[in-house]
Each structure stands twice: as structure tokens, then as C-alpha cells.
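> This is what each chain is made of:
Number of protein chains: 2
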Amino acid sequence: MTNELHGRKVAILATDGVERVELEEPLGALLGAGGQAELLSLHTGEINARQMDIDPAGTFTVDKKVADARVGDYDALLLPGGTMNPDQLRTDPDAVAFVREFVETGKPVATICHGPWTLAEAGVLHGRRLTSWPSIRTDLRNAGAEVVDEEVVIDRQLISSRGPQDLPAFCKAIVERFANAPQPA
Amino acid sequence: MTNELHGRKVAILATDGVERVELEEPLGALLGAGGQAELLSLHTGEINARQMDIDPAGTFTVDKKVADARVGDYDALLLPGGTMNPDQLRTDPDAVAFVREFVETGKPVATICHGPWTLAEAGVLHGRRLTSWPSIRTDLRNAGAEVVDEEVVIDRQLISSRGPQDLPAFCKAIVERFANAPQPA
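So the sequences go chain by chain: A and D. What the first sequence shows, in the working numbering, is residues 57 to 241, in sequence order. What the second sequence shows, in the working numbering, is residues 57 to 241, in sequence order.
Be careful, since some hints might not be right.
If you want the ones that stay clear, here's a sample from chain A, every Cβ over 10 Å from chain D, calculated [unchecked claim]:
#1 ALA89
#2 ALA93
#3 GLU94
#4 LEU98
#5 THR100
#6 GLY114
#7 ASP124
#8 THR139
#9 ASP143
#10 ARG146
#11 THR194
#12 VAL204
#13 ASP205
#14 ARG233
#15 ASN236
Taking CB as the label site, the calculated pair distances span [what the hints assert, rightly or not]:
#16 A/GLU206 to D/THR115: 52 to 60 Å
#17 D/ASP119 to A/PRO238: 56 to 64 Å
#18 D/LYS120 to A/GLN92: 52 to 60 Å
Just so you know, these hints were derived from the structure itself, not from any lab. Note that the Cβ used here is the ideal one computed from N, Cα and C, for glycine as well.
Using the sequences provided together with the hints, build the complete structure.
Rendered as C-alpha cells:
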């Protein structure tokens, strides 16, 4: 347990179908560094997690509907993967507007696996450099991004990784970048 | 039982995660009209189907690996949906090459729900008009397509529908279009 994220509050945006380890491990790293986190979703109650998309893998309790959340209340945003998770988030205008507004503030945004689909939907990838799960790279390129195959990619505010195999490096990177980001006045 | 598809052979390309009704109902319509069909996939044996992406929904027996299939052996191509199905197909170079080559022949290609993702991957959607499940429409537009919200869309060789709710109209349309397509010499 360290304390470099003391006073920092991270929004995690996810819904049913989220890949369990891609929410749980980053969450553990953020809390272990002294940060706070809130899970935002499309509905209240619990969301159902999956393992490798196929197997049910328990639930996470939602803190707030994304429609009721304010971008200004958070210092960073985390978008986990799981194929079905962003596939639903991107159809929700409140979720997409929250992500677009968050990116526009310049605050750190971290995403892994299929998570960047929601960034493509928000139209904020033009000229950005990132990585992702292989299946969505054509969609990200068609949305204007430069896509590479690396463990962790950092392009200004954007931190990205390819999938569960990258979680150790991803978690280390997000703690460092979230800690070093300028805090809003 | 009618016979308008007598002598016509349809390739169905799908893998694990296929939405059961989007394979089963069109298959029934094609066989009921006197046609033949073969299930092509990424592996031999059986593929696992799903219901609304979440629930296991039995299996389908694969007839042939897509890597071993020849475009010239089929009169039409069917690409069912299910989120995880095209998400895997599009990462397989043999599957993507088969789809691209099929489109280039001008023979009919029918797709529903998330199925068009594989067409986006194959780079064959520029200037095409189609419909799909709502979540992937931004990806299709970014791939150069005109995307509309209609029950069935027919643009030259391409027949598309939005999801399970459109299956009755989709099945009727594919039987008609597959029957009327010019047969290869």
C-alpha cells in the first residue's frame, strides 16, 4: 500500500459483460495506491462480469448511473474491456457523452482490450496513438487512430493496453499517470 | 416446402458465440426452399451458440474449415450475428479473405445484427448501403458505408437486417434474392 493517489478519484465506466480481471485488477491497484474509485454504469444495482467473455464471473456493485455522474467529480477515467461491455455502452448517449466530455478535459483516460470501442463511438480518436485487442483495430484505424501492437501505449492523456496479459504493466502505468496528472483547480 | 433454391448452395460463415436464431432460422428457410447449406468456421467439430449473447444455446456441427473452402463452390454467403462471433472471425486472415473474395464475385451476401463487422474488416463496405445492430453502425460508417435503420436493406448483392426481430423479413428476402441471383457458369 502506497499513497500516491491520495485525494484522487477515478471513474470506472462499465456495464454487463465486463471482463472481470480488467476491472478488478486496475481497481485493486488504484485503491492500493490510496485512490478512490466509483463504478458508473447504464443501470443501478449490480453488473454481471464475465471471464474470457464466455463464463459468468460474479458481479460488481454500481455506485452511480453514468447519466447522473459529473465529469468534474473525477480525476481520471478507466474503460475496461469485455466484448459485450463496450458494445452496450456505445449505444447509450449518456455514456458516450460522458466519455467525450472526459476526453475533452485533458484528464487521463485509461483503456484496455475492447474498451476503446467507446472512444471510437465518441469520435475522439482522430490522430491518437493507442493499442487494443486485435479484433477492433480496424475500427480504431477507421476512426482516425494510429494503432500499434504494444504492451502499454501512452499518448498524452491516453493510456492503453491490449488485454488481460498486459494487466501488470497496465496497472503500473495507470497509477503513475493518474498520480502525475495535474489536478483540477 | 418450396423448391426455388434447388441446386443452390449457401455458405454460412460463423464461429463460437453465434446468435442461435440468426443461424437457425435462415438455415431453415434456405433448406425449406430446397437449397443446400454448409457451415464454415474457424475450426472443425462444433461451434457453441448463444442466446442474446449471454446464455449458452447448444451447438452447430461445422462442415468445413473456412481455410479449406473455395468461394467458387457456393452461390451465396450468409453472415449471422452474435457479438462474439464476428469479433473472432475478423481476426482470422482466412475468414476475412474468404469474405472479401466472395463479395468481389458479385454473388449475394446476406448479413444480420453484428455480422457486418466482418465486412468492415474485409474493407468491402465503401459506398455500400446497409443496416445492422445499432452498436456497430459507427464502425460501418467509418468503414465508408451508408447505414440506415430499416428492417431489410438490399443494395445490389448485399442483403442486411438489424437483429432477431427482423428475422421473418430477412429470411423471406434472402430466399428471394438467392433464388434470383445469376448462377455462375
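> Taking the hints in turn, state whether each one holds.
To see whether the hints hold, each was checked on the structure:
The claim that A/ALA89 lies off the interface holds: its Cβ sits roughly 33 Å from the closest Cβ of chain D, which is beyond the 10 Å cut-off. With 10 Å as the threshold on Cβ separation, the claim that A/ALA93 sits away from chain D holds: the shortest Cβ distance comes to roughly 26 Å. Residue-level check passed: A/GLU94 sits 25 Å from the nearest beta carbon of chain D, beyond 10 Å. Every CB of chain D lies more than 10 Å from the CB of A/LEU98, the least distance being 13 Å, so the non-interface label holds.
Distance to chain D confirms A/THR100 as a non-interface residue, since its nearest Cβ pair spans about 20 Å, more than 10 Å. Its beta-carbon lying about 14 Å from the closest one in chain D, A/GLY114 satisfies the requirement of being farther than 10 Å from that chain. No beta-carbon of chain D is positioned within 10 Å of the beta-carbon of A/ASP124; the least distance is around 23 Å. In this structure A/THR139 is not separated from chain D by more than 10 Å, as the shortest Cβ-Cβ distance comes to only about 5 Å.
Listed as a non-interface residue, A/ASP143 fails to keep its Cβ farther than 10 Å from every Cβ of chain D; the least gap is roughly 5 Å. A beta-carbon of chain D comes within 10 Å of the beta-carbon of A/ARG146; the shortest separation is about 6 Å. The non-interface label for A/THR194 is inconsistent with chain D: the shortest C-beta to C-beta separation is roughly 5 Å, within 10 Å. A/VAL204, annotated as away from the interface, keeps every beta carbon of chain D farther than 10 Å; the closest lies near 16 Å.
Non-interface call for A/ASP205 relative to chain D: holds, since the shortest CB-CB distance, roughly 13 Å, exceeds 10 Å. The claim that A/ARG233 lies off the interface holds: its Cβ sits roughly 27 Å from the closest Cβ of chain D, which is beyond the 10 Å cut-off. For A/ASN236, the non-interface assignment is confirmed: its Cβ lies about 32 Å from the closest Cβ of chain D, beyond the 10 Å cut-off. The beta-carbon spacing between A/GLU206 and D/THR115, approximately 37 Å, falls outside the hinted interval of 52 to 60 Å.
At roughly 59 Å, the beta carbons of D/ASP119 and A/PRO238 sit within the given window of 56 to 64 Å. Between D/LYS120 and A/GLN92 the beta carbon distance is about 54 Å. The supplied range of 52 to 60 Å therefore holds.
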